[in-house]
Each structure stands twice: as C-alpha cells, then as structure tokens.
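One-letter residues, chain by chain:
Protein chains: 2
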Amino acid sequence: MTELSRADLHTSVSDPVATSMNFLNEIAGRYPDAISLAAGRPYDGFYSVGDIARYQQSYVDHLRARGLGEDRVRGLLLQYGRTNGQLGELIARMLEVDQDIVVPADSVMVTAGCQEAMVIALRALCAGPDDVVLAAEPCYVGLTGAARILGVEVVPVPEAPGGLDPETVAEVAARVRARGKRPRALYLVPNFSNPSGISLPVAVRSRLLEVAGEQDLLLLEDDPYGLFGLDDEPRPALKSLDTEGRVLYLGSFAKSCFPGARVGFLVADQTVVDEHGGRTLLADEMSAIKSMLTVNTSPISQAVIGGVLVESGCSLRAANRDKLAFYRHNLRTLLAALEEHFPQPDRDDRGVRWNVPGGGFFAVVDVPFAADEKLLELSAEQFGVLWTPMSFFYADGGHHALRLSCSYLEAEQIAEGVRRLSRLVAENA
Amino acid sequence: MTELSRADLHTSVSDPVATSMNFLNEIAGRYPDAISLAAGRPYDGFYSVGDIARYQQSYVDHLRARGLGEDRVRGLLLQYGRTNGQLGELIARMLEVDQDIVVPADSVMVTAGCQEAMVIALRALCAGPDDVVLAAEPCYVGLTGAARILGVEVVPVPEAPGGLDPETVAEVAARVRARGKRPRALYLVPNFSNPSGISLPVAVRSRLLEVAGEQDLLLLEDDPYGLFGLDDEPRPALKSLDTEGRVLYLGSFAKSCFPGARVGFLVADQTVVDEHGGRTLLADEMSAIKSMLTVNTSPISQAVIGGVLVESGCSLRAANRDKLAFYRHNLRTLLAALEEHFPQPDRDDRGVRWNVPGGGFFAVVDVPFAADEKLLELSAEQFGVLWTPMSFFYADGGHHALRLSCSYLEAEQIAEGVRRLSRLVAENA
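Same order as they appear, the protein sequences are chains L and U. Per my numbering, residue 1 is the first one in the first sequence, and the count goes up by one each step. Per my numbering, residue 1 is the first one in the second sequence, and the count goes up by one each step.
Quick caveat, the hints were computed from the structure, so don't treat them as lab data. What you are looking at is a predicted structure, and each value in this text was computed from that prediction instead of being measured. Worth double-checking, as some hints may not be accurate.
To give an idea of the chain U side of the interface with chain L (calculated C-beta under 7 Å), a few residues [claimed, not checked]:
no., residue
1, Glu-3
2, Leu-68
3, Gln-79
Just the calculated beta-carbon pair ranges, DEER-fashion [said to hold, decoys possible]:
no., chain 1, residue 1, chain 2, residue 2, range
4, U, Ala-426, L, Thr-243, 56 to 62 Å
5, L, Thr-243, U, Lys-374, 52 to 58 Å
6, U, Gly-180, L, Met-1, 26 to 32 Å
7, U, Pro-104, L, Ala-336, 26 to 32 Å
8, U, Pro-129, L, Thr-19, 19 to 25 Å
9, L, Asn-428, U, Gly-278, 27 to 33 Å
10, L, Gly-278, U, Gly-67, 55 to 61 Å
11, L, Phe-46, U, Lys-374, 54 to 60 Å
12, U, Val-204, L, Gln-57, 37 to 43 Å
Straight-line distance between alpha carbons at most 20 Å, and here's what the computed DMTMM-like set of lysine to aspartate or glutamate pairs gives [said to hold, decoys possible]:
no., chain 1, residue 1, chain 2, residue 2
13, U, Lys-323, U, Glu-311
14, U, Lys-181, U, Glu-153
15, U, Lys-181, L, Asp-8
16, L, Lys-374, L, Glu-26
17, L, Lys-323, U, Glu-153
18, U, Lys-323, L, Asp-71
19, L, Lys-323, L, Asp-44
20, L, Lys-181, L, Glu-244
21, L, Lys-374, L, Asp-396
22, U, Lys-323, U, Asp-44
23, L, Lys-323, L, Asp-51
24, L, Lys-181, U, Asp-8
Positions of the beta carbon are idealized from the N, C-alpha and C atoms, including for glycine.
Construct the complete structure from the given sequences, taking the supplied hints into account.
Shown next, in the form of structure tokens:
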C-alpha cells in the first residue's frame with residue numbers, strides 16, 4: 001500500500017497552528033468534564049434548528065417581493081451564481097445602518113466564512129516573493145494559518161499593553177522595507193481583539209490611518225466582536241473613518257448570527273488600474289481568486305444570512321440585543337470572578353494580573369510560570385479547567401500568559417472555572 | 001484615494017483563466033438571445049426552491065432517528081463543526097452502493113465544492129518548489145486555476161484522440177524528473193472529460209494504475225459526469241480498481257444534485273508516516289489545510305446533500321434516473337444535429353469533424369479555422385450561437401477546435417444551436 005512521508009506534505013510546513021489547535025481539541029476530548037475557558041465559539045442557545053428554514057423563507061420572500069419570478073429565484077438558490085455572491089446590497093445596507101460605513105454594494109464579496117476572506121485578501125495583495133503582510137501580535141491563528149498555506153511571510157508588530165501603537169507599525173514597515181521586502185498590509189482586530197481582548201482608542205485609529213497612508217499600507221480590519229461592547233461607547237470602524245480607501249474590511253457572521261452558515265464577507269472598494277489605464281473595483285479583481293478557491297459561496301447558506309438581514313431591517317445590532325446582554329453578563333462575571341479568586345495583595349505578590357477588556361469574548365491573564373501545553377494537561381486532569389496558552393498566538397512569545405474565553409459557557413460555569421484556575425495558580429505560583 | 005496597480009496584484013498572475021471566463025460571461029451578457037452551447041452548468045428544472053427545506057428536514061430526521069438529542073442536532077447544524085465535515089458515513093456508503101468503492105468514512109473530507117478539494121489536494125501534495133502536478137490536457141480550468149493560486153506548476157500530458165495514454169504519462173513524468181522536479185500526482189477526469197468528452201477504456205485504467213505505481217504518482221480522479229453515460233457499459237472508477245492506494249478521488253454534487261449546495265468531497269485513504277513512525281490518514285492530515293481555507297464546509301449545505309443521500313438510500317444513481325434520461329436525450333440530440341447539419345462528403349472536404357463521447361455534457365468539434373475569441377464574438381453577434389474555444393483548456397493549443405455543451409438547454413435549442421453553428425462554419429471554412 002502507498003505510504004506518504006509527512007515530510008513530503010505541505011502540512012509539515014503548516015504544522016505549528018494545526019498542532020496547537022489539535023492538542024487543545026484532543027485535551028478537551030479526553031477531559032470532557034473540564035470547564036473550557038478555552039473555547040472561543042459563540043453560545044449555542046440563541047437559535048433552534050427550525051430557524052434555518054424560516055430565515056431561508058424570509059430571504060426567498062424578499063426576492064419574490066422584489067419581483068423575481070420562480071425560475072429566477074430557483075436559479076439564484078440552486079445554480080452556480082455570481083462569484084462575489086448575492087448579498088452585496090443587504091450587507092452594504094447593514095454596514096451603513098450599524099456602522100456608518102458607506103460603500104457600494106459591488107465592493108462587497110461574500111465569502112465561505114471570514115477565513116476565506118483572509119485567504120483571498122492575502123493572495124490578492126501578496127503577488128510576489130517580496131510581498132509581506134504585517135500583523136498585530138498576538139495574532140488570530142486564522143491569519144497566520146492562511147498566510148502559511150499561501151507561502152506569505154507574516155511580520156509581527158508587537159501590541160503594547162494599551163494596544164497597537166501606530167508608530168511601531170511605521171517602524172516595523174520601515175524595517176521590512178530596509179531588508180528589501182514590501183509590506184503590503186497590516187492585519188488587526190481593532191475591537192476586543194482575539195486573543196488579547198484589547199480595543200484601539202479612537203485617536204489611535206485616526207493615527208493608524210495616517211500611518212497607513214505614509215507607509216503605503218492597506219489595513220485589513222477584522223471585526224467579529226465589535227457588536228459586543230460592555231458599554232455603548234462609540235468604537236468607529238476604521239472603515240468608517242477611511243476617507244482615503246486604505247481599509248479592507250473583513251466581516252464575519254459567525255458570532256452575530258451563527259458559525260454554521262459559514263458566511264463572511266470582504267469589502268474592497270479600492271480602485272485597481274491596469275497597464276492600459278483601465279479601472280476596476282478591487283472586489284471585482286479579487287473574484288478571479290475566489291472563483292478558483294470555492295467558485296461562489298453557497299447560495300443556500302447566503303439565503304440564511306440574507307433572511308437574518310431581511311428580518312432585522314439590515315441591523316445586526318438590532319438582531320443581537322439578547323446576545324449582547326448575555327455576553328456582557330458573561331464578561332462581567334469573568335472579570336468579577338478573577339477579582340474574587342485572585343484577591344489583593346496576594347495576587348500582586350504572586351505576579352498575577354489580567355487586562356480588563358471593554359467587551360468581546362476574551363481576557364488575558366499573566367502568570368509567573370510557563371503556561372504551556374504540559375501545564376494545560378495538568379490543569380485539565382487535576383483541576384478540571386481548560387484555557388489557551390497565549391504562546392499559540394505568537395511567533396515566539398506569550399509563554400507566561402493564558403487566554404480565557406467567556407463566550408460559550410453559562411455564567412455559573414465561568415465563575416467555577418475561574419475558581420478552579422485559581423487553585424492551579426496557587427499550586428504553581 | 002488609494003489606487004492599486006494591477007501589476008502589483010496576484011490576479012495579474014492568475015490572468016489567463018479568469019480573462020477567458022470573463023470574456024465568455026461578458027459575451028453571453030451582451031447577446032442574451034444567443035443560444036449558449038458554451039454553458040456547462042447542469043439543467044435547472046429538476047428541482048424547486050421548496051426542495052431545500054425538505055432535504056434539510058430529511059437529514060435532521062435522520063440525525064434524530066440515530067438518537068441524537070435536540071442540543072446535539074442544533075450544534076451540528078449551527079455551530080463550528082468537525083473540519084472534515086459530517087457526511088463521511090453517508091458518502092462512504094454512497095461510494096460503495098453506486099461504484100463499489102470501499103473506503104473508511106474517516107477518509108472522506110467534505111469540501112466547499114469540488115474546487116476546494118482540488119486546492120487542498122494540490123496544496124497538501126505540492127509542499128516545495130520542486131513539486132509539480134501533471135494534468136491531462138486539454139484540462140478543466142478549475143485545476144489550472146487552483147494551481148496558479150498556490151504557485152504550483154502544472155505539466156500538461158497531451159491526450160491522444162482516443163484519450164490519455166499511460167505510456168505518455170510515464171514519459172512526461174520521467175522528463176519532469178530529468179529536469180530536477182518531482183511529479184507528485186496526475187489530474188484527470190476519466191469519465192466523459194470536461195472539456196474533451198473522452199472516457200478511458202477499462203484496460204487503460206488498469207495500466208494507468210500500474211504506471212502510477214511505477215512512477216510513484218498519485219492519481220487525482222475527478223468524476224463529476226460518471227453517472228451520465230449514454231449506455232450502461234461499466235466504467236469502473238479508478239478508485240474502485242485501486243488496490244495500492246494510488247488514487248485520491250474528488251467528488252462533486254454539482255451535477256448529481258445541484259451546484260448551489262457548494263458541496264464536494266475528497267477521498268484520501270492513504271497512510272501518512274511521520275518522522276517518529278506515527279501513522280495518520282491522509283484525509284486527517286489534510287484537515288490542517290482545509291481549516292485554514294474555509295474552517296469547515298457549511299453544515300447547512302451539508303444537510304441538504306445529506307437529505308438527498310438519506311432519501312435515495314445513498315444512491316446518486318437512483319436519485320438521478322430522470323436526469324440521466326434528460327442528459328442522454330440531449331447528447332444524442334447534439335450528435336444527431338451535428339450529423340444533420342454537417343453532412344458528408346461536404347464535412348470531410350471542409351475538414352470538420354467531432355468526437356462521439358459515450359456520455360456526459362460535452363463534445364469537441366475540429367474546424368479548419370481559428371476558433372478564437374474574435375470568432376466567438378462574431379458567432380454571437382451574427383449567428384446567435386455561443387461555444388467555448390478549446391484554446392481556453394490548453395497552455396498552448398486547441399486553436400482550431402471548439403467545445404459544445406448540451407447540459408443546460410432543452411433539446412430543440414440544441415438542434416437550433418448546431419444549425420446556427422453550421423452557418424458560421426459554412427461562412428468561414
């Protein structure tokens with residue numbers, strides 16, 4: 001029988017991310033009774049199976065109300081379709097209603113989840129071996145994983161404790177240029193980042209846009225958590241402040257609707273000029289890549305998200321009122337439990353501290369010992385609690401920190417999970 | 001405003017395929033009344049919009065009948081899920097029922113259409129710059145497009161008039177090795193190929209498997225049309241003859257169900273051995289790539305295909321009886337219309353000839369003039385008929401041939417389209 005050597009497969013190159021995530025999944029499988037403060041997925045209980053057919057029907061009703069005949073509706077749902085998808089108008093309207101982002105419907109590409117949007121953006125912008133992408137570090141593993149599949153170099157830009165510093169971005173970009181490479185874009189999650197939980201102040205956002213202009217960088221703005229702030233403080237999307245067309249906006253419906261739709265999107269309203277002076281929209285140009293990855297995003301899945309948008313008047317903010325209350329309560333519970341189970345002055349003595357995110361799903365705890373895979377296994381086995389080593393999100397770093405997630409659990413489990421974590425820390429600090 | 005130079009984008013590298021297909025779509029848009037013998041998509045009329053919800057319900061009923069509780073069913077449909085998908089058992093059963101292919105359910109990866117399966121297979125197998133893939137030429141544009149996105153070199157293996165010759169495969173593989181490259185796999189469509197319509201005789205299939213062993217090649221068997229033979233002659237899948245694990249089977253539901261599901265699959269039952277002697281299944285190894293492209297295939301779309309399989313007793317052959325009759329009638333109509341409108345001895349005098357496929361959606365007509373984009377435009381404008389230049393499917397070649405497709409039209413339109421084509425040929429030959 002044919003045997004393949006792993007060293008001959010590209011997965012041997014893609015190793016670190018996959019290995020880490022597999023390890024986490026495997027530990028979770030072996031200790032099913034451990035409370036998982038590792039799982040970053042959204043809470044399950046907002047929807048039922050019956051919602052799928054209802055949302056699809058709402059979308060079909062919307063098409064019919066626009067005057068489309070039965071043959072046309074059938075074709076839209078069951079045939080091959082436009083590469084960039086059929087939700088451009090609804091999504092453009094949503095961006096305007098919820099976030100004051102005004103872009104043409106044609107600049108929206110519907111993708112097979114936001115992961116595909118990252119792959120397409122990286123592939124389009126990084127055309128040659130000298131093209132690299134910068135990324136705020138710690139960095140979401142989906143971005144570094146996509147880059148590895150494409151052979152694109154990712155240069156980390158270290159986040160300061162208060163968040164990404166635009167001057168550091170400028171320095172890193174200049175350093176990259178000095179070694180003969182071309183920095184094409186910077187990836188970041190400006191709101192309640194995964195994994196750090198940090199958000200950028202408004203003034204920093206404006207300065208970052210200036211730096212992007214100065215350094216000829218595009219910004220890849222990934223915003224899956226922006227709806228879930230602890231307060232109603234305005235956190236304008238970079239794209240809403242972007243008068244120069246520096247921002248590509250990456251959107252997800254995984255947290256605001258549900259992950260099972262596997263629908264995300266990309267806004268690329270920049271102009272592309274060809275060698276004859278012909279002008280196209282970047283989103284249209286990128287469709288050549290999308291068509292060779294997945295052809296077009298399943299219109300059956302698009303119909304589900306289309307139904308959510310139609311039913312909510314194109315406002316995810318309106319559609320997510322219940323979730324917002326749930327996630328706020330969970331994050332407050334997490335932060336209160338940390339205060340309770342790591343009391344002062346003991347925690348300062350031990351060198352334990354955490355950040356206090358203004359929203360989202362995550363917080364980061366610094367600990368005075370190596371928070372590695374070995375300790376995670378011990379934590380699962382002896383203390384019944386799971387978390388994510390922050391080192392998973394660094395090229396090299398994060399060895400003494402762990403990410404806690406509070407999205408998937410009920411509040412009581414979060415409190416109990418933090419109590420268990422405090423016992424692990426007490427025995428190791 | 002930010003303007004990007006097209007020369008700086010990867011799409012400038014991906015150019016030829018996208019340009020050709022855009023040109024075809026653009027011509028079709030400009031001449032909506034032209035009969036399209038170019039469109040290779042399946043006929044629309046077998047399903048209605050209401051089937052989507054019914055198939056999803058059948059799949060949900062199937063899960064419940066297997067004893068899964070409501071929370072579990074909801075999680076399977078709406079949450080993030082297993083990277084390789086949830087239809088492995090149903091698809092493995094289908095392969096056994098319809099094709100005598102016996103593989104473990106774990107070796108099946110459900111993909112976002114067969115296009116993603118091609119990307120994953122190419123990426124997994126071509127790890128370094130010396131790894132290349134061979135492909136029968138003329139070649140489906142999805143394969144060459146996927147390779148271009150990944151920067152993988154495709155080496156064409158010319159098809160003889162009777163189909164791919166295994167000895168030519170061996171010669172090309174040896175030649176590739178002689179210039180320091182490593183041929184990893186050969187891509188082919190053994191049944192009613194797109195674009196050539198040709199099928200491989202059984203003896204050739206067996207010899208091809210031997211050559212694959214001798215040359216240490218894997219075979220990427222893509223089989224979207226195998227169900228649609230003009231007769232019931234057995235055309236065993238390479239995978240069903242594959243005792244040595246040389247074949248990766250790429251599956252599509254676009255023609256056997258509908259394209260809008262965007263569900264395909266990959267069978268990879270080979271063993272992978274790592275540097276410590278650890279053994280895994282290639283499909284599991286490949287999941288590291290899938291997870292960084294699209295995470296997992298939409299379970300909402302998987303449910304639709306799952307429903308088709310549940311309702312048909314896992315037999316696409318059974319589920320496709322009506323379609324088989326329809327497509328047989330269409331292909332016979334196409335071949336009869338060619339005979340009628342290009343009568344002898346005139347056609348020999350003019351140098352017109354075509355192949356007679358044993359099934360599928362396509363036939364190829366050789367003509368004594370350049371069948372290029374300029375002629376296609378003239379054909380649309382003055383003769384009201386569209387076809388696909390065969391040059392689209394060659395690195396360099398196919399300049400005097402055109403592909404006719406008979407899948408999307410009713411029989412009368414096919415006959416009228418061929419009549420119009422005969423007028424174009426009469427004026428140009």
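Outcome of the hint check:
A distance limit of 7 Å between C-beta atoms decides the matter here; for U/Glu-3 the minimum to chain L is near 5 Å, and the interface restraint holds. At a threshold of 7 Å, the smallest CB-CB gap from U/Leu-68 to chain L is about 11 Å, leaving the interface hint violated. The restraint placing U/Gln-79 at the interface with chain L holds, with a minimum CB-CB distance near 6 Å, inside the 7 Å limit. Checking the proposed 56 to 62 Å range against U/Ala-426 and L/Thr-243 shows it holds: the Cβ atoms sit about 59 Å from each other.
L/Thr-243 and U/Lys-374 have their C-beta atoms about 43 Å apart, which leaves the hinted 52 to 58 Å range violated. At roughly 28 Å, the beta-carbon separation of U/Gly-180 and L/Met-1 lies within the given 26 to 32 Å, and the hint holds. Look at U/Pro-104 against L/Ala-336: about 48 Å separates their beta carbons, and that is not inside 26 to 32 Å. Range check, U/Pro-129 to L/Thr-19: about 24 Å between beta-carbon atoms, so the 19 to 25 Å window is met.
Between L/Asn-428 and U/Gly-278 the C-beta distance comes to about 30 Å, which sits within the given range of 27 to 33 Å. Checked against the given bound of 55 to 61 Å, the beta carbons of L/Gly-278 and U/Gly-67, roughly 60 Å apart, stay inside it. Distance hint check: the CB atoms of L/Phe-46 and U/Lys-374 are about 56 Å apart, consistent with the given range 54 to 60 Å. Between U/Val-204 and L/Gln-57 the CB atoms are about 50 Å apart, so this pair departs from the stated range of 37 to 43 Å.
At most 20 Å may separate the alpha-carbon atoms for a hinted pair to count; U/Lys-323 and U/Glu-311 meet this at roughly 16 Å. A distance of roughly 10 Å separates the Cα atoms of U/Lys-181 and U/Glu-153; the hinted pair therefore holds under the 20 Å criterion. Simply put, U/Lys-181 and L/Asp-8 have alpha-carbon atoms about 13 Å apart, close enough for the 20 Å limit, and the pair holds. Annotation: proposed proximity of L/Lys-374 to L/Glu-26 holds, straight-line Cα distance about 13 Å (limit 20 Å).
For the suggested pair L/Lys-323 and U/Glu-153, the alpha carbons sit about 48 Å apart, so the restraint of at most 20 Å is broken. A distance of roughly 18 Å separates the Cα atoms of U/Lys-323 and L/Asp-71; the hinted pair therefore holds under the 20 Å criterion. Distance check on the hinted pair: L/Lys-323 and L/Asp-44 sit about 11 Å apart at the alpha-carbon level, within 20 Å; holds. With a C-alpha separation of about 24 Å, the suggested pair L/Lys-181 and L/Glu-244 falls outside the 20 Å cut-off, and the hint is violated.
Pair hint L/Lys-374 plus L/Asp-396 holds up; C-alpha atoms about 17 Å apart against a cutoff of 20 Å. Between U/Lys-323 and U/Asp-44 the alpha-carbon distance is near 11 Å, which keeps this suggested pair within the 20 Å criterion. For the suggested pair L/Lys-323 and L/Asp-51, the alpha carbons sit about 16 Å apart, so the restraint of at most 20 Å is met. Between L/Lys-181 and U/Asp-8 the alpha-carbon distance is near 13 Å, which keeps this suggested pair within the 20 Å criterion.
Violated hints, in rising order: 2, 5, 7, 12, 17, 20; the structure is consistent with all others.
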